[in-house]
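Asks: If you want the building blocks of each chain, they are given just below.
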Amino acid sequence: MKIGVYICHCGENISATVDVDELMEYAGKFEKVSVVRDHIFMCSELAQEMIRRDIKSGRVDRVVIAACTPRNHERFFRSTLESAGISRYMLEIANIREQCSWVHGDGTEKAKKILAAAIAKAENLAPLNDMKFDVEKSVLVIGGGVAGIVASLELAKIGYRVFLVEREASIGGKMMKFDRIFPMNDCSSCILYPLISEVSSHPLIELITYAEVEDVSGSVGSFEVRVRKKQTYVDWEKCIGCGACVDACPPRASKPDEFNEGLSRRKAMYIASPFAVPRKAVHDPEVCVNCGKKVFGTRRFLRGGKEYLTPCEKACPTGAINRSIKWDPEGETIELKVGAIIVAVGYRVMEKSNFKEYLPHSPNVITALQFERILSPTGPTEGKIRRPSDMKKPGTISFISCVGSRDERYHTYCSKVCCMYMLKQARLIKEREPDIDVYIHFIDVRAPGKELEEYYTYSRQLGIKIIRGKVGGIEELSDGRLRVMGFDADIGVPVEVEADLVVLATAIELDDDARALVKKLGISLDTSGFIREDHPKLRSVESWLSGIFIAGCCQGPKDISETVAQAKAAAAAAAGVISQDEIKTEPFLAVVNESLCSGCGICTSACPYDAVVVEDVARVDLRRCRGCGLCSASCPANAIDLSGFTREQLMSQVVRIS
Amino acid sequence: MKVVKLPKIDGDPVEEVSKFGGEGIKKCIQCGACMSVCPVAMAGFNYPNKKLFKLIILGQRREILYDPSPWACVACGRCIEVCTRDVNPFSVYFAFRRIQTREFSVPSVAEEALRNLYETGYAVTGNANIRKELGLPEVKFALNNGEALKEIRCIIESTEIMQLGILPRREMF
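Read top to bottom, the protein sequences are chains A and B. Take the first sequence: its letters are residues 524 to 1181, numbered as in my numbering. Take the second sequence: its letters are residues -10 to 162, numbered as in my numbering.
The set of hints was computed from the structure by calculation and includes no laboratory data. It is possible that part of the hints are untrue.
Straight-line C-alpha distance at most 27 Å; calculated DSS-like pairs for lysine-lysine [claimed, not checked]:
(1) Lys552(A) - Lys636(A)
(2) Lys15(B) - Lys939(A)
(3) Lys(-6)(B) - Lys879(A)
(4) Lys953(A) - Lys129(B)
Chain A with its partners taken away, still in its complex shape (with noise of 0.2 Å):
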């Protein structure tokens, strides 16, 4: 056995807190340890060399590299091993950057401690062979909105079979709101549209809308999927949109509309807009009256035995809807198996009701995205720019930003397209209207990009008022016009609009929804609440689960044309997972020692992963195994063993350190 010790010094994050000569003293004193060497960046091409020369000349045959986390480089230097020769899995990182150095004033004690285990674990380490799985060629996307709708896109041009699951009842998400989009303010739904029609013409690619993943299992190359379809009441089969029950559907069985940002109101019958697609009627069994005197899960007959139809079920020209039909919570689940799963489930903008400061009582007080509503052709006031409390055209518009953004109560972090799109929605207005005042209320315009300081400065030139300082309230005057009390930096005075509408450029966020399913996913959110990606620069795309890829807003707010370039680099990702003949996986997986197995069946209940099953004795099912290793620990017979992170193995660097 002999133990190769490479100490890097990462430029200084290392050197400067860790004396490394020490370090490489210390760890020649350990007998099995061969080879020591330093380097200021272990992992550049020369510092790989140097390994290769040591294991291919002999005098190394298993590796402790003492550097950044294992996350950063260790399938990096896993390849160097199997370039050399060697099995890629006598390895050992040493993590001496992110737990020692960087968080120690002096770290050369804490990085002998953790170099020493980690000799101890390289002499107890073993060959392991990958594991090596068949590959679904097909992926599942979440969320249709236009990260999804990219992603299956390029995915079906290169041949793979893809399901794309939406919780609406129409894809398009929230781009179908938006009337034009910066920075050439061409029209939003003429590039949608498109694609869209696209999407849903596709050989290789099936909607499933008004539907949720119930439940994922499986690793990379094979997840099996459970998707619900919620009910709706009408058989989409017979279904061809033409709007005869929303007719039919009175409108005391109505709620605030979904599609409209509760700026009208939608029935019980519903098509989610006006450009749904598919376009098929959903009934929302919470908003319905049962207006034709029959409660909906239940049967009624006339005199003549014939059967009783509801308004809407009379109305169907194609008898799609049957309300006969027990409710069903379960809906209708499908059960999909693919080979990897792209996330794209977007954001939601926070609601007017978080900030009292704001009166969000106001009907004049709205967000930006129910301003979207109003300025598109689709929308309530059909673009016409009218406030919603009486559809007078407003005076007066004022805009507040980093609503709920860079804002220690809520959320730190820059919500990055606000400043943008409310220079959009002030250039609509002025372009439109040009009477109407309008003031942007701001703590930095952030205009990065392609076109996009070019769009500020013009705003500034159609005379949109940009005044630097937050707004720090708002009050109603008597006549139901607002003040909105801000400060202008720029004079050095507080300063007062009399506005009729204020539109709040609200945080954007992940959805409830969407956490739910990053949990079932397995997968984790970040500092800011959103969707984790393996690495921030080279790993943007993936989650940390291998096979898992994520694209849009989830994952970071973004503006449209980034949303699709991720989305693209997502499907291009996840092609180049599936694309393989097989997959290989770590073997990090649990063990079972058959002889020392009772069959108790205590880590059948502590594997969160429904892998572990006893028949005589426990058996793990590999494919579903993600190697956290609670069977092992909750073994009381030391049974199941974690490879890679066995007993002995661990022991060793317990008993070495204490």
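Use these hints to put chain B onto chain A, whose structure you have.
Replies: Then chain B, alone, in the frame of chain A:
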């Protein structure tokens, strides 16, 4: 501190300033470079260029119409050099002077300077004794050169400034 109320705007001072040669104001993004080098700011006047421009942009004509700050500009031109947006702050400043003049709201500082110019050929005459103490050469005033002063007066008299009634109207030659 005073609160500036931003009422619905009557007329547009930005357009007004543009008409008098300050159309660069539309490009101003309030970066403040001009103010950082402006002697008007250093001398402590209320509205050095950037601040004045912001009030014009906000339509606050009444706030600034009677303010003497624009008249403190010594036309040094540093603001033009440092402006990253090609606003030409100097020309905006001077455009605003033109507006103030048209509105008969020239501050007394400016009136005095104008009278000086008419009387002596110099807006600011300075103190001859201090120059002597410092060993600087004596300034040759146009006052001492009848022909030059006559020309200056002739130019001033042929402009609209005479309509302000600040200067004595004299017989032309």
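Asks: Work down the list of hints and note, for each, if the structure agrees.
Replies: Hint check results:
no.: 1; hint: Lys552(A) - Lys636(A); verdict: 14 Å, holds
no.: 2; hint: Lys15(B) - Lys939(A); verdict: 26 Å, holds
no.: 3; hint: Lys(-6)(B) - Lys879(A); verdict: 23 Å, holds
no.: 4; hint: Lys953(A) - Lys129(B); verdict: 56 Å, violated
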